[in-house]
Structure formats: C-alpha cells, structure tokens
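Engineer: Residue-level listing of the chains:
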Amino acid sequence: MRFMGLFGKKRDRVETSAEPDLAGADEALEQALKNFRQSVLAWSEAEFGRTRPAEKTLRERSWRLAAGWALSVVLVAGSVSGGVYDRHRRAEMAKAAAAAQAARQQRAVAERQAREDEEDLLAKVDSDVSKEVPSAMEPLAQLMAEDDSR
Amino acid sequence: MAAGILTALEAMTGAAADELAALKLEAATQEFSTIVTTHRPQIFRFLLASTRDVDLAETLTQECFLKAHRNWSSFRGESSAMTWLMRIAINLQKDHWRNRRMQFWRHTRTNAVDLDEASDWLPSGERTAEQRILAKEQVSQVWRAVKELSERQRTVFMLRYVEEQELSEIARATGLSEGTVKAHLSRAVGRVRAQLGGKR
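Keeping their order, the protein sequence lines are chains A and C.
Its first residue numbered 1, the first sequence is counted upward by one per residue in the working numbering.
Its first residue numbered 1, the second sequence is counted upward by one per residue in the working numbering.
To be clear, the hints were calculated from the coordinates, so they are not data collected in a lab.
Any given hint might turn out to be false.
[What the hints assert, rightly or not] What follows is a list of derived Cβ distance ranges for each label pair:
(1) A:V84 to C:L66: 29 to 39 Å
(2) A:A66 to C:W97: 26 to 36 Å
(3) C:H69 to A:V74: 41 to 51 Å
(4) A:D26 to C:R127: 12 to 22 Å
Glycine included, each C-beta is placed from N, C-alpha and C at the ideal position.
Between the sequences and the hints, there should be enough to build the whole structure, so can you do that?
Structural biologist: Next up, the structure:
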C-alpha cells in the first residue's frame, strides 16, 4: 500500500534550516518542554486507562442527533403552521373587510333610495296641495272674461 | 488406480494448503493484535495532544487501527510499524480537519478541552507547591504556543517533543524531507520560546 505524504505538495517550498539545538538553548525552554511532555503523558495515560463505554457515547450522540432532529421538526412545523395560520387569518380579515365594505355600500344605496323616495313624496304632496288651493286672481279673471263677452 | 492416488494426493495437498493459509492468517492476526496492544497508547497520545479532544482522539485511534488492519497484508515492513501507524494517524487527522472545514455545519461543536484544563495535568512527582505552579504555567504557555502553530508545525512538534521521535522517523511518518522537518521544528520551537519569553 502506498501512502501519500501528508505535506508532500509543498515539500520544496519550505527552506531547510539547522535542527534547533536545544542543548544550547536556555534552561527554561528545556524545562518547559519537559514539563509539557510529562503533562501530555499524564493526561493521555489517565484518559487511556479510563473506561469509556463506546455504546454510551454512541447513545449520547444518538440522543443528541434525535433531539436535534426533533427540535428541527418542531421548528419547521411551527414555522409552517404559523405561516398557514397567518395566511388563514389574513384571508379571514380580508373577507370580513369585504363584507363590511359591501354592507356599507348597501346601506348607502338604501339611504339614497329612501332619500329619493321622500323627495318624490314631498313633491307629490306639494303638487296636490297646490291644485286644491284656488288661484288668488281667479275671480278677477272671471270678471274680465264676462266683460269681454258683453 | 493411478488416477485415484493422484486425486487423493491432490485432495491432501489442497487440505494442507488450506491449513497453511489458516495458520498464516492466525499468525497475522496474532501479530496485528500485538501491534495494537503495543502501539495503541502512543497513537492515542499523539492524537490527543494534537486535537485536545479525548473523544475525537479515541475515534481516530480506532479508525487508525481499523485502517491498518484492512491494509495489514500490504505492510511490507519498509518502515517500522509505529511509523506506518503514525502515518495513517496523521492522514486521518488531516482528513478529519479537512472534512470539518468543508462540512462545518455538520460538526459545529468541538469537545476540545481548553488550554487551562489541558495544563492541569502534571505528573505527581516530588515537587513543591511553587514548583508545581511554575510547571503548570510553563505547560500552559507551551499549549498556547502550540495552539498558534500550523497543522504541519504542530504535528512535527508533537512527534519530536512528545513522542521523542528522530527526525528521520518524523520525515518518514509525515512524508516530508528531513530538511523540511527541521524547518518546521525550528519555527515551532521559536514560537514556544517567544511565548515563554513573553511571560518571563
């Protein structure tokens, strides 16, 4: 089996230099690196020796995955139902507004009609009344007509 | 008569070949089992130090040995088993980070412990309280420097100063030339030195 080098592509771009000579470096650096190594070894040893049942991790991950999915489903369902409700509410409001508008128009037409009927009635009454009252100049007109005949 | 003897001989030869194959398989399995027992702690340690994530290190270690088992028959022993395994581990780690970058939405959460927590681990030697505080501070500073290293520098640094590998081994495990390994190591140490110098 042939394994690809990890950093093979850029191999030639990095310039070479001498290995860091830690023997001559300051003591603090050496001590720090030594402590660092001991720390990593202690940590690794403690974690490696610790029993970590794989199924527990798997169960936890499955639980997290399931919880994530459930949350996602709830969010999506909430968004969709919220959208549907909002749309339904808007449709209802539009319908109510249209009904109110129609009622207002009907009321206006009815009022106008009533007003016109009333005006017609008043005009008719005026006409009837005017016919029943005799003209003020009528007797004089009759006299003038008699004179002419003579 | 002769044909019957020939058939019997062929059957015996076939049975012997099967037995030999079974023995070879058993030996290989035993050998691989020994390899796992011997090198698993070291591979886990390298991955833990590189990722600071216990679960991830455990997962990658298992993947490493699974991959090694699948390809065990093709291992020719040109390098040591440890170098071969380390190379697999490094490639797996690289693949993991690459996938993580590309599929960040799948893995938004990391279990990596923070630097202070990682610095809490110190061997319980015969130290005074003051020495322990100083050691913890030094370890913390080295972790801070390591965090700032590039992936290559960190890998080389861990192999050199945690696994204490020779430069030639590091070069084989990473697929880099020794000169490049030296250069990365020099930069990594320089950064650690600067970090320590800044705090003193």
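Engineer: Starting from the hint 26 to 36 Å, judge whether the C-beta atoms of A66 of chain A and W97 of chain C obey it.
Structural biologist: Hint holds: Cβ distance 27 Å, inside 26 to 36 Å.
Engineer: So does V84 of chain A sit 29 to 39 Å from L66 of chain C, Cβ to Cβ?
Structural biologist: For L66 of chain C against V84 of chain A, whose Cβ atoms are near 49 Å apart, the range 29 to 39 Å is violated.
Engineer: Could you say whether the range 12 to 22 Å given as a hint is met by the Cβ separation of D26 of chain A and R127 of chain C?
Structural biologist: 21 Å, holds
Engineer: Evaluate the given range 41 to 51 Å for the C-beta pair formed by H69 of chain C and V74 of chain A.
Structural biologist: 42 Å, holds
Hint 1 from the earlier list is the only one contradicted by this structure; the remaining hints agree with it.
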